[in-house]
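Visitor: Read off the chains here:
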Amino acid sequence: MPGGPVSIFDTSNFLPHGICLLWQPELLALHVSSDVLTGLAYYSIPLALVYFVRKRRDVAFSWVFWLFAAFILACGTTHFFGVWTLWNPDYGLQGIVKATTATVSVLTAVALWLLMPRALALPSPTQLRIANHALHREIEERRQAEERYASFFNNLAESLFVIAVRADGTFIIDTINPAHARATGLDPARICGRPVDEVLPPDTAAHVKARYTECVAAGRPIDYEETLDLPNGRRTWHTVLVPVRDAHGHVVQLLGSARDVTERKALQEELVQASKLATLGTLAAGMAHEMSQPLNIIRIWAENALSRLRDGDLDQGRIDKVLTLIGEQTDRMGKIIDHMRTFSRRDGGGTQLFDPLESVRSAVEMVQNQYALDGITVDADLDEKTCMVRGRPFQLEQVVLNLLSNARDAILDRRDAGGQAGRIQVGFLVNGARQTACIAVTDDGGGIDEAVLSRIFDPFFTTKEVGKGTGLGLSIGYGIVEAMRGRIDAVNLDHGDGRRGVRFTITLPVTRPSLRDVEMAHA
Amino acid sequence: MPDRRHVLIAEDEALAAMAIEDFLSRKGYRVTLAGDGQEAVERLRDDPADVVITDLRMPRLDGRGLIREVRGMSPTLPVIVMTGYLAEDSDNDALTNGTWRPLEILRKPVSPQAILDTVVRMLDDDA
Chain F
414 MPGGPVSIFD
424 TSNFLPHGIC
434 LLWQPELLAL
444 HVSSDVLTGL
454 AYYSIPLALV
464 YFVRKRRDVA
474 FSWVFWLFAA
484 FILACGTTHF
494 FGVWTLWNPD
504 YGLQGIVKAT
514 TATVSVLTAV
524 ALWLLMPRAL
534 ALPSPTQLRI
544 ANHALHREIE
554 ERRQAEERYA
564 SFFNNLAESL
574 FVIAVRADGT
584 FIIDTINPAH
594 ARATGLDPAR
604 ICGRPVDEVL
614 PPDTAAHVKA
624 RYTECVAAGR
634 PIDYEETLDL
644 PNGRRTWHTV
654 LVPVRDAHGH
664 VVQLLGSARD
674 VTERKALQEE
684 LVQASKLATL
694 GTLAAGMAHE
704 MSQPLNIIRI
714 WAENALSRLR
724 DGDLDQGRID
734 KVLTLIGEQT
744 DRMGKIIDHM
754 RTFSRRDGGG
764 TQLFDPLESV
774 RSAVEMVQNQ
784 YALDGITVDA
794 DLDEKTCMVR
804 GRPFQLEQVV
814 LNLLSNARDA
824 ILDRRDAGGQ
834 AGRIQVGFLV
844 NGARQTACIA
854 VTDDGGGIDE
864 AVLSRIFDPF
874 FTTKEVGKGT
884 GLGLSIGYGI
894 VEAMRGRIDA
904 VNLDHGDGRR
914 GVRFTITLPV
924 TRPSLRDVEM
934 AHA
Chain C
41 MPDRRHVLIA
51 EDEALAAMAI
61 EDFLSRKGYR
71 VTLAGDGQEA
81 VERLRDDPAD
91 VVITDLRMPR
101 LDGRGLIREV
111 RGMSPTLPVI
121 VMTGYLAEDS
131 DNDALTNGTW
141 RPLEILRKPV
151 SPQAILDTVV
161 RMLDDDA
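Each protein sequence line maps, in turn, to chains F and C.
So for the first sequence, my numbering puts the first residue at 414; every next one is plus one.
So for the second sequence, my numbering puts the first residue at 41; every next one is plus one.
Next up, chain F with everything else stripped away, as it sits in the complex:
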């Protein structure tokens, strides 16, 4: 059966290859041993490659290794066939094996060249070693940085805490530093990683959550003062919250720092109270005078009426007049007492919206008569426009009273020194465009030495003689006005007619009253 695919497997017409070697045993041995050894070696290489690929599952282009394995296996097989055909003339089968080897070889060769750019791109072990080294160095640097920040976090006296913000709006206490743990009495081991609700008392949790929500909503740092009930007791904190965003801009964390201001607040309040008492002291003289006047009138009229009654000289008209007058005078006294009472009580609670004009008017009325007795005129030029500022009305009144009292002292001193003085001007102006209200108190008491003008708001700084001033009045006033987000300034002024003095100006931001506040004010 000549020709056709089957005919190549027909070995009957062929002679074994050994004949070409003339069956010379040395030559046969040389060929057989070389081919067998090469074949065995070739067979062992794919095993090693497969073993390697299976062990190193991370190796790049592992299919190439399989291809190599197949290629070498095929090569090995051709060698074994070389031995086989020495005795068996299966040249057709040998050709197939060779063809297979050729196919796999070509594929491997082509694949290798195709792969070359990518293989070259693979980092060499040296490169890897350098990269590794750099990586180690960076890790070390980061570790040191982390240690440094951890050291900050752990050793800073400032209370620090981190709040994680979950997508569902839950706030988790991520971590707190030892200072915060000490200051609050919270146990980090017990609270970290748990929701705020679970670890803080309900009131405290509700309070802080409202602040956290505010900070997340604002998307920027906020700072505020808060009084919280914590394991260490009721303390007042000045807290700053800073939002941290993820790559999508969502706030995922809040960094918090808190400073315990309980003592400072108490001290501040004490100072305000002390200054108020000092102001009260200086006003007491005037008050006693104010009170003694109506009391005096009542006593004189009552006793005079009694005397008339005993003399049988008291008609109905006079009784009416006397009793009406007594009623009026007690009324006058009641007003003075009311004023003192409201002034001396602590302004507890929070701030409120109020009309600053009322505080100014009240302060002016309180001293106007009294100062007139010293020959000092208090001229008030008050803008009647209604506006609202936020603060504590009596504190503002105290500030204005303090300015008036300083003005009077300056005028009296000026006179003692032989100068002409005796006029205090009080101005009140609402600037709608700038949203401010201005209170100005101007005297003609000679002015303040320019050298000390910048220091007059310092605590305990006084130009008065020993025993006359605490030096607290203006500094407290400064604090009060600042707390209202306002400003207080002092400038020397030449009145032009030879009189000189000082003008104190308080500038306060005006708040548009919200409907609710107006309703509250009218309630």
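Treat the hints as calculated values from the structure; they're not laboratory data.
The beta carbon of each residue, even a glycine, is placed where N, CA and C say it ideally should be.
Don't take every hint at face value.
What the hints assert, rightly or not - Just a few of them, taken from the derived set where beta-carbon distance is under 7 angstroms, the chain C residues facing chain F: (1) A56; (2) P99; (3) G138; (4) T139; (5) W140; (6) K148; (7) P152.
Based on these hints, arrange chain C on the given structure of chain F.
Guide: Positioned in the frame of chain F, the structure of chain C alone reads:
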């Protein structure tokens, strides 16, 4: 009664002055009122008094100023001071150290009877 004694009252609180005037008038005194020290000085010049009753705190010319003027006119004219505040006479000045004697201090609220008693006593001492 042409020989009625003349009392000048310097007091800026008109209501108080009026009742004292009424009381003393009924007790037989002739009373003149002045609203401040300056007015009192002017009235004294025109119409000398037997006793001066004065408040301390007054506009224009205060009580001390008035007494100074009075002592300039007469070293012996009895003066009664009505004052409402302790500190006003604690300055250890002529008011309290005897310089301006004859001088009596009455504290507000004053009793009209006490004023009368003091006037009587001072005029008797004078007599």
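Visitor: Look at each hint and say if it fits the structure.
Guide: Verification of the hints:
no., hint, in the structure
1, A56, "holds (5 angstroms)"
2, P99, "holds (6 angstroms)"
3, G138, "violated (24 angstroms)"
4, T139, "violated (20 angstroms)"
5, W140, "violated (20 angstroms)"
6, K148, "holds (4 angstroms)"
7, P152, "holds (5 angstroms)"
In summary, the numbered hints that this structure violates are 3, 4 and 5.
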